[in-house]
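Listed below, chain by chain, are the residues.
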Amino acid sequence: MNITEKKINMNKTIILILALILLFILLPRFISGYYVRIFTAIFMYATIAQGFNLMSGYMGYLPFGNVMFFGIGAYVTAIFMGKGFSFVCALLLAALAAVLTSIILGFPVLRLRGHYFAIATIGMNGAIMSVVQNTTEITGGAMGTTLPIIPRAPGIVYNYFYLAMFTLMVVTTMVMYLVIHSKFGYAVRSIKANEEAANSMGINTTYTKITAWAITALFTSIAGALYGYWMSFIAPEEVFDVMISVNTIVMMLIGGAGTILGPIIGAFIIETVSEFAWSGFMEYHLAALGIATIIIVFFVPRGVIGSLGSMIRNKKMALPKKVGESNG
Amino acid sequence: MDNRVILDIQSVSKHFGALKAVDQVSFWVEQGEIVGLIGPNGAGKTTLTNIVTGDLKKTEGQVFFKGQNISHLQPFQIARIGLTRTYQIVKPLEGMTVEENVLVGSLFGRVDRKNDLNKGRKKTREIMELVGLDKKKDLLVSDITLPDLKRMEFARVLAMDPEVVFLDEVMAGLNPSEVEEASELIKRIREDKRLTIIYIEHIMKAVMGISDRIIVLHHGKKICEGSPKEVCDNPAVIEAYLGKRYAKEMINK
Numbered sequence: 141m142n143i144t145e146k147k148i149n150m151n152k153t154i155i156l157i158l159a160l161i162l163l164f165i166l167l168p169r170f171i172s173g174y175y176v177r178i179f180t181a182i183f184m185y186a187t188i189a190q191g192f193n194l195m196s197g198y199m200g201y202l203p204f205g206n207v208m209f210f211g212i213g214a215y216v217t218a219i220f221m222g223k224g225f226s227f228v229c230a231l232l233l234a235a236l237a238a239v240l241t242s243i244i245l246g247f248p249v250l251r252l253r254g255h256y257f258a259i260a261t262i263g264m265n266g267a268i269m270s271v272v273q274n275t276t277e278i279t280g281g282a283m284g285t286t287l288p289i290i291p292r293a294p295g296i297v298y299n300y301f302y303l304a305m306f307t308l309m310v311v312t313t314m315v316m317y318l319v320i321h322s323k324f325g326y327a328v329r330s331i332k333a334n335e336e337a338a339n340s341m342g343i344n345t346t347y348t349k350i351t352a353w354a355i356t357a358l359f360t361s362i363a364g365a366l367y368g369y370w371m372s373f374i375a376p377e378e379v380f381d382v383m384i385s386v387n388t389i390v391m392m393l394i395g396g397a398g399t400i401l402g403p404i405i406g407a408f409i410i411e412t413v414s415e416f417a418w419s420g421f422m423e424y425h426l427a428a429l430g431i432a433t434i435i436i437v438f439f440v441p442r443g444v445i446g447s448l449g450s451m452i453r454n455k456k457m458a459l460p461k462k463v464g465e466s467n468g
Numbered sequence: 002m003d004n005r006v007i008l009d010i011q012s013v014s015k016h017f018g019a020l021k022a023v024d025q026v027s028f029w030v031e032q033g034e035i036v037g038l039i040g041p042n043g044a045g046k047t048t049l050t051n052i053v054t055g056d057l058k059k060t061e062g063q064v065f066f067k068g069q070n071i072s073h074l075q076p077f078q079i080a081r082i083g084l085t086r087t088y089q090i091v092k093p094l095e096g097m098t099v100e101e102n103v104l105v106g107s108l109f110g111r112v113d114r115k116n117d118l119n120k121g122r123k124k125t126r127e128i129m130e131l132v133g134l135d136k137k138k139d140l141l142v143s144d145i146t147l148p149d150l151k152r153m154e155f156a157r158v159l160a161m162d163p164e165v166v167f168l169d170e171v172m173a174g175l176n177p178s179e180v181e182e183a184s185e186l187i188k189r190i191r192e193d194k195r196l197t198i199i200y201i202e203h204i205m206k207a208v209m210g211i212s213d214r215i216i217v218l219h220h221g222k223k224i225c226e227g228s229p230k231e232v233c234d235n236p237a238v239i240e241a242y243l244g245k246r247y248a249k250e251m252i253n254k
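Protein chains in written order, with our numbering: chain P, 141 to 468; chain U, 2 to 254.
Be a bit skeptical, because a hint or two may be false.
Stretches of chain P that chain U covers, calculated by requiring three or more beta carbons in the stretch to come under 8 Å of a beta carbon on chain U [as the list claims (entries may be wrong)]:
id, region
1, 318-330
2, 338-350
In the DSS-like style, the derived pairs of lysine-lysine whose C-alpha atoms are separated by at most 30 Å in a straight line are [said to hold, decoys possible]:
id, chain 1, residue 1, chain 2, residue 2
3, P, Lys152, U, Lys138
4, U, Lys120, P, Lys323
5, P, Lys146, U, Lys120
6, U, Lys138, P, Lys455
7, U, Lys123, P, Lys455
8, P, Lys455, U, Lys222
9, U, Lys138, P, Lys332
10, U, Lys136, P, Lys332
11, U, Lys120, P, Lys147
12, U, Lys59, U, Lys222
13, P, Lys146, U, Lys115
14, U, Lys138, U, Lys194
15, U, Lys123, P, Lys152
16, P, Lys323, U, Lys245
I should point out that these hints are in silico values taken from the structure, not numbers from a laboratory. Even glycine gets a Cβ: it sits at the ideal position worked out from N, Cα and C.
Use the sequences and the hints to build the structure in full.
So, in structure tokens, the structure goes:
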């Protein structure tokens, strides 16, 4: 009975998700270009937030400098498209560059824990940004660089990027779901729970941490690549801006760190609020973000999804207890 | 070397500055034995365990497991070849349920008996039943008592399918009837799984009742080794650890 019930619930969830996906694919036909751009940004941030979620929500490491992969994704794409490569080729090279960077930097940096790790990644992001700013012949330097513009009507082009970002977000989320529910996922969660115990239980923690960071780097860099092509102009201080990290971390926290849908919900909440409420008083944006973070950490530490989840779990736990008592 | 020897510790030392926490300790353990490791607080029992399982780098000496030198290996590598431990201060995987904790053990642990998720879940269920945790499987580790946490650590270690286990004060915090129960559990599982156990304990009754052989550490040195009775008779052990009256009581029993 229980298993069939579970199956029915599973099927319901899958149908709901497919319906939502279909809705979002068709949505651009019914809304203006302005909203299409807002949604594209939401999908992009949700993708980046998924990366933070794997590293932080599930593994307990907070890579503040993760935006470096976003920047690398955007810049490597710009450089190779400048040399005449197709977008897909440039994107693949960008993803490769980001993954290699995460592996090479991961060996020294992932030995650090807690704040030290967070700060070290910010430092690395700064270092990479400096390199980009100072290699003017290749990157265009501090002035930024352009990417080719797709020779179509802007409305159509924006729809392309809407669909591309949406696909990226869906694929990222699906991959994260599979990763978390695999054996590897248990290794990742064990590291957050107690790294020493994980190690003594036969988990190769170094390998696990680096692989998780590489997965994060992969999706974050693809988001960066799409962003660059979408904007068709990028500058170092924009794509290596640590505020992108801060924003997405807040999204992850609001939605629920360590839940699969949390980052997406968080991205929707923060982007909508910042678009409609904060656009009136931009200078308070950061203060509001900071206050929001403090409030979340104190009052809803598990985010929207996390709090909902534990409410449901408590209800479920209350029932079997009674059954167990009467049986035993 | 006698091929029944599964773990061979050869003059291992650990110095913290001028303090010799473990000083030239050598002993071997045969397959299927339960060896008690006793001594006063600060005698170096846990330090020695940390060295053997790779949690701590030693100052000198060698450790052989099934003839293989494991002195340079990391904890996860040692766990994968079948040598593992519980912790004196429990180290549960916080934020996970009791069942998930044991599942992680069954998914990783010994490499030649690797489990996928399905096999791991099945094995987890068996072990939870064996140690009597099946009714608490869905509770978070933060919601169970210390005796249950110790039981869970033991279950987690069993799920890893090891050949040699260091049990570091698994009885601490248990009341006498729980100690009895846990001793029975350990004996039963030893038979069942053909485990070799190095058993670190302060509760003398438990050690004496369960061990085939006892090793006594004091100030980092091995001061005695022998059967429970021999150890109780040994003047150095009485002086350092047991006290005269207690030793007499033990022998009379």
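Results of checking the hints against the structure:
no.: 1; hint: 318-330; result: holds (count 6)
no.: 2; hint: 338-350; result: holds (count 8)
no.: 3; hint: P:Lys152 to U:Lys138; result: holds, 27 Å
no.: 4; hint: U:Lys120 to P:Lys323; result: holds, 12 Å
no.: 5; hint: P:Lys146 to U:Lys120; result: holds, 21 Å
no.: 6; hint: U:Lys138 to P:Lys455; result: holds, 17 Å
no.: 7; hint: U:Lys123 to P:Lys455; result: holds, 27 Å
no.: 8; hint: P:Lys455 to U:Lys222; result: violated, 56 Å
no.: 9; hint: U:Lys138 to P:Lys332; result: holds, 20 Å
no.: 10; hint: U:Lys136 to P:Lys332; result: holds, 26 Å
no.: 11; hint: U:Lys120 to P:Lys147; result: holds, 21 Å
no.: 12; hint: U:Lys59 to U:Lys222; result: holds, 15 Å
no.: 13; hint: P:Lys146 to U:Lys115; result: holds, 28 Å
no.: 14; hint: U:Lys138 to U:Lys194; result: holds, 22 Å
no.: 15; hint: U:Lys123 to P:Lys152; result: holds, 27 Å
no.: 16; hint: P:Lys323 to U:Lys245; result: violated, 54 Å
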